[in-house]
Amino acid sequence: MSNPVVAKARTFDTRTEANIPVESPLAYSYQRSGAPAPSAKSRVVLRERAMLGHLILRGGAIVLDEAVRAVLGFGLPARPNTLSHSEDGARSIQWLSPDEWLLIVPGGEEFELEGELRNALGDAHYAIVNVSGGQTLIELSGEKARELLMKSTPSDVHPEAFPVGKGVTAVFAKTNLILRRPTETRWELVLRRSFSDYCYRWLLDAGAEYAIGVER
Amino acid sequence: MQRYSGFGLAKHALSHHENWERQWRNPTPKKQYDVIIVGGGGHGLATAYYLAKEHGIKNVAVVEKGWLGGGNTARNTTIVRSNYLWDEAAALYEHAMKLWEGLSQDLNYNVMFSQRGVMNLGHTLQDMRDIQRRVNANRLNGIDGEVLTPEQIQEIVPIMDCSKNARYPILGASWQPRAGVARHDAVAWGFARAADALGVDLLQNTEVTGFKIRDGRVYGVHTNRGDIEAKTVGCVAAGNSGVLAKMAGFRLPLESHPLQALVSEPLKPVLDTVVMSNHVHGYISQTDKGDLVIGAGIDGYNGYGQRGSYPTIEHTLQAIVEMFPIFSRVRMNRQWGGIVDTCPDACPILSATPVKGLFFNCGWGTGGFKATPGSGHVFAWTLAKNQAHPLAAPFSIDRFHTGALVDEHGAAGVAH
Amino acid sequence: MSKSVTQPNRLKEGGRIDRSRKLGFTFNGQHYQGHAGDTLASALLANGVDIVNRSFKYSRPRGIVAAGAEEPNALVQLGSNEAAQVPNVRATQQALFDGLVARSTNGWPNVQRDVMSLVGKLGGRFMPPGFYYKTFMAPASMWMTYEKYIRKGAGLGRSPMEADPDSYDHLNQHCDLLVIGAGPAGLAAALTAARSGARVILADEQEEMGGSLLDSRELLDQQPAAKWAERVLEELAGLDNVMLLPRTTANGYHDHHFVTLHERRTEHLGETAPLVDGHRGVRSRMHRVRAGQVLLATGAHERPLVYANNDVPGNLLAGAVSTYIRRYGVVPGNKLVLSTSNDHAYRAALDWVEAGREVVAIVDARANPQGDWIDAAKAKGIRIITGSAVIEAKGEKRVSAARVAKIDLDAFKVTGQAETLACDTIASSGGYSPVIHLASHTGARPTWNEEILGFVPSLVKGVHAAGSARGIHDLAAGMADGVAMAAQALEALGQSARAVELPQVDARREGPACALYQVPHEKPTLRAPKQFVDLQNDVTAGGIELATREGFESIEHVKRYTAMGFGTDQGKLGNINGMAIAARCLGKTIPEVGTTVFRPNYTPVTFGAIAGRHCRDLFDPERYTALHQWHVENGAEFEDVGQWKRPWYFPKVVNGKKETMFDAVARECRAVREKVGILDASTLGKIDIQGPDAREFLGRVYTNKWEKLAVGKCRYGLMCKDDGMVTDDGVTSCLADNHFLMTTTTGGAAAVLEWLELWHQTEWPELNVTFTSVTDHWATMTITGPEARNLLAEITDIDLDRDTFKFMDWREGKVAGVPARVFRISFTGELTYEINVQANYAMHVWKTLFEHGEKYGLTPYGTETMHVLRAEKGFIIVGQDTDGSVTPEDLGMQWCVGYDKPYSWIGKRALTRSDTRRTDRKQLVGLKPKDPKVVLEEGAQIVFDPKHAIPMPMAGHVTSSYYSPTLDSGFALAVVKGGQQKMGETVYLPMADGQVHEAEIVSPIFVDPKGERQNV
Amino acid sequence: MFHIYCPYCEEHREEEEFRPKGQAHIVRPKDPEACSDEEWGDYLFFRDNPRGIHHEMWVHAVGCRKFFNVTRNTVTYEILETYKMGERPRITAESLASGEIQGNVQVAGGGQQTVGASNAAVEAVKGEQA
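Protein chains in written order, with our numbering: chain A, 19 to 234; chain B, 4 to 419; chain C, 3 to 1018; chain D, 69 to 198.
To be clear, the hints were calculated from the coordinates, so they are not data collected in a lab. From a predicted model like this one, the values you see are computed outputs, not experimental measurements. Hints may contain errors.
Stated by the list, open to error - To spell it out: a stretch of chain B is covered by chain C in this simulated footprint if at least three of its residues, at any positions, have a beta carbon under 8 Å from a beta carbon of chain C; those stretches are:
id, stretch
1, 55–65
2, 216–228
3, 255–264
4, 314–322
5, 362–371
Unchecked claim - Calculated pairs, EDC-like style, for lysine to aspartate or glutamate (alpha carbon to alpha carbon, straight line, at most 20 Å):
id, chain 1, residue 1, chain 2, residue 2
6, D, Lys-152, C, Glu-1002
7, C, Lys-903, D, Asp-99
8, C, Lys-723, C, Glu-558
9, D, Lys-98, C, Glu-698
10, C, Lys-979, C, Glu-1002
11, D, Lys-152, C, Glu-759
12, B, Lys-68, C, Glu-558
13, B, Lys-271, C, Glu-759
Beta carbons are placed, not taken as given, at the ideal position from N, Cα and C, and that holds for glycine.
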């Protein structure tokens, strides 16, 4: 569990065996507000990708880039507010600030990955923080996904201003989240757990006119 | 001065209103006055009036760069109350409240001071603790007030959503029955007319461009209409105080911020009291013309533009619709902004300055209008006697060095 | 529903209405019919309805004056049922729909016969501007009574009394160029920008785009002008880079080219939004547009002339006459007299004649008008009276005649004998005012242009005006201007404009207009019949003259004294006439009198539309912990703490009766003190701090010392601002040499994180440390009470031995099979373990604790019990026991202050200022009521001498007060002046009900002062 | 509503993402204990409050969470430049007054730049100095 490799910081695998019940941040929301199944009329479809591994990387871009390349095989995004990702798209890194990135990986990889990164980083000044329990990821797709976002965020989501590969921290309704566009047709929202029910209710309400469906 | 009365009005009607006199003169500046007041808003005009009336100092000029009452006097939401938390602030505002209560008769000008009551809502347990603390303090300071239950609130304001379903249910309120609203422009005009009648020169379109200072003592001002001398100068310039202080060579613990307000279209009477909520952040009353007057929050940046940011208006109307769901279809007619000069402790400065003979009365933040007569009264005393009025003493600039702040931010939230 | 309806003023043909679609509507209880494409105003005129309202002050009958946003009179109350009511809708801007129900906003018992009009007629003389200020003063006590009656006359329409069934929303837009107004200039501009590839939004407030092209007499390429508009709109609609927003009003121009556009999506369809696919659509939508550049093609408003009785129904704007005839096929009368100062208005007479009705005369103020329009009128045989004007209208409920006389413009005099012309309609035109409202929202002051006799907008960088909006009223020139200004805007964006060929317009000869605002009357203004300037507020030329006479010389004073321009039309028709009158009275020119400044909104917008979707359930986020569902299912009452919903207490239902809060809290408290309780503490802020300088950083932001805190240990810390006042507190644990976990108060979490970043980024960037919020990652469950260890031991592999896992230690292990960090810290004074697990596992761990906890009497408790228990121990709550004026020393927490730390930590210096060194500051103490049954009121004020007269000197107040089941007594925390030196003394608490409670100043630690219980 | 160029995100963003944090370039005294009460009070509370060019600190709260500086006209609300923490402004009231705007200015385009703003600012400054 605890990782003796690095004494300066304490790492801790907060994940456990598969037979222990887990609840995604939206578990209560599905029960309370329902999850309308997508239909032919649905012009927006919402899908939660729960239980992914979320790591915050802090430090200098150059050393982190080297370590990330060595461990993951792809580097940090080169520009502010962009994403880089593995070839299969399963792992991604998003620029959050000049010294902060969000690494999202398939659930269960994050602890081992943190250890490997720490090993690769050695004595460099950096920080890695596991925040997997604190956030969840929602995908939006469908022809009205962009319009639904326009109702929700003042960020410019026009394809010219928000090309594929962009990711920003955005005001969303009366809270904020991380908004990214990994592919032409798919948007991703990274929500904080405690705000996720509010965001979900907002999306259902604002998406009602597009017959929003929830894939479960 | 032509006395105003219902009878006089009838008499003038018969002569087709052709014989009304000017309410104030438009004099040419003299070279010298006993006292110069910089700033012809409500506070400045009140200061001049009380200087002449109570201290017999009538050789007074009010120097105004624009038109009388054209600053925050013309741009506020006209709320008058005195239920402040701290003794020092409560005493000052209650002093003003007592003057308000006879002001129309004193000035022979109906300022339409309407004591329709002001309600400050509490939405959290801490709000309620703060309300109880303030109402208890008010009572022991001799200021009227009580704590209302949601049921009592609903009875006074039947159109408000007092249900438990609200996002932030109303848990109670403080209620000051003597508080209310007044007609803002009339306050400036009433003081102007009365001061003019006592001999005060009201100099409009006259802008102070600098101070005449020798050996650390003020002896006049430079203006766009020439120099004017006086051994005592009182600056009552609200948002522009910082600019004046800079001219005199010192800084003040002030920032000038935009404060926005808005009105609805006129509606048949539907709200008879003033309702304020710091927690969901909106305050509202209805004028005698029928407009809902709504105050919004202060924008966080410094600004002299008399406008603020749009999201502030959105948040305010969200709060209003939250409290009054029936107003969703009512329409906002107009919005505007004032420049409020705010101190770190949300209390004013009534103080001597590093320059002898130069006094400042500023930093009223969002509390300026309600203090108008009290501020003028106390500041006139201070100027006349060259010594802080006892009610003004706690509000000297020194407090920002000693640490003796009068922190109305502390428990009363934003002091509107 | 409707009886036979004739629509007497509807022309047999013409107009852009759909005659095949008849729409029934009700006005003041009468049923009428109109057509699709009508506005309520055009339908009312078609049906010959003259009086649509009563005026605000004098209750005079009023009719429709204009055809658009500038209409001052035709305000109606809309809605067939209570929830659908909308007050003050302008009939000229309300599209007709089937079943529309409207009423006049004023007039009792009805607009035809109004009781108040008598008051207006008789009392009008006694109600000059400012009359309120001059009377109702005696006796002073009577004002509130007077006011009660004054208020009865207040308002136009009325608020609905039921909640709105509709919803509203916002759409955030971004574009290169926003074009406002889809008339000739706007269309030309939008076409130019669109063809050049820019992201364009074109917004227009009317039901149909095209602006003046829709009712123009002009031919474009020998085709009706509207045809060209249709063609352009068709092209724009087909382009991906263009968004067309009809029925959309630009209401506010905010900083840096942020413009709000209010789109009325369903107001033309019905009084509430219709259902589509079972979903109710949004009634209206606010587009929040951030534009690169903005082009204002907002056109101009015609100015009426100010003459006596110019408010009698049947007095209209000349341009409105043309609009009603050409666009709606409605001719609003039979016999027309046109009074004008310019050529442009002649078209109203031509349209009138072509509609088959009689033009009695055109009265032109100019001595010798020359131009094509004048020739056209002459060719139709219309009588033209020059050098003259309508000086007075006759009639009460409808114009019956016009008095026309020669006037001397310079001398402001009637020079000839007046001639009375029988007519039922007077159209007037005093020229055109560019619509400069949006430009003036930006703070740029408009400037007077003597050539066009109007204010033209001043423009901040990035704003462009084209066509009539900047005084270019000629059609061809206006369109060309649209193209040129669009090119200018594109250039500013670094884009190049593609050429657009404009249609041919026949050149016309036009003569100059003359400056005429108020028309002279034989009698002096104050004695003449009322000449209205601002119709909605009943402001007259006489009123303005009186204001200037009384010394109101600034135009702002004039406006405020008379209320001119303060109506819902914001003086769109009246302001410039009013300024001209003030200028005349003061012997100044219009620009010398001042300028006219408009503020948002251009036209009123519902609160609902501005609020958008952020209401009801979505007014503000509700933050939930991972255990929220359990709390709901177990009947918790919730307390709002910031945005969090926290369980306040858990009332039990026994025999169908819900426990009172008092009983529930007492039960919960006893459970903790005697057995074990559990609290969801997940809302506490949690910040992960890493870096070699983390320890140094903590030492600077906390008042106490951190250099020796060992790995595995926790410590309480106090945080101050640099003014020395306490701002937050919490426990920070050392996870590794360079790694700490800080906790903050629930409400302070975000502020503390920003505070740490602030100091790091601005003052101490050299410190190597990072801060990351992990509040949401961890769920925190606090089990506390003598049985806590026994309970936890059942489901953990952590060694809980009291000597190895000590108070203020933390350990890692598994709890209920889930990796957990357990902190042995206590906010209750009892043996406590705070279990932190990744939030997704929290429900499992919580439920497992309950499975094992039953035998130990495990009881869930909420914030209220937490507060009681911590207060019994004298633990403060920042924000409750402190208020921003309290230092650590005031709290008696000198033990938590590192006076000798090498770095002058935040807040230290301020503690030695003269005021913070005072010994009589308010200090935290305990209060023990003399009567144990008394629970003091929180917020009660404390005095030393309860007999002192009011104002009574106060010594402090109660900050926290509860009944303690442990002590079986009330107890309180309080701040008292010099309290730390007054232990054992008695203080008094005089209450509102007249009771004076007595209490003894005691230590704030009421239970277990030696701290033994937390260490069992 | 302002449109603010974040020097770290290298983009214009809406004001809703930012929070104003008061006057920029206020440095905490290096040795607080050596300060008089007056000096400490000045540091805590006394601020320039200019009508015209103002250097202020903002934080990109919903964004990169970085603090940065803005040179803004408090009358027109025009943003003249934004710059990172630790950098000095290139545009000041003095530089505008003397007509010397130093080269390589990072002017945040798209802000509301009043026609002749520089002149207006110059006038405002001159007025203050008179």
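For each hint given before, does the structure comply? Return the numbers of the non-compliant ones in rising order. 1, 2, 3, 5, 6, 8 and 13
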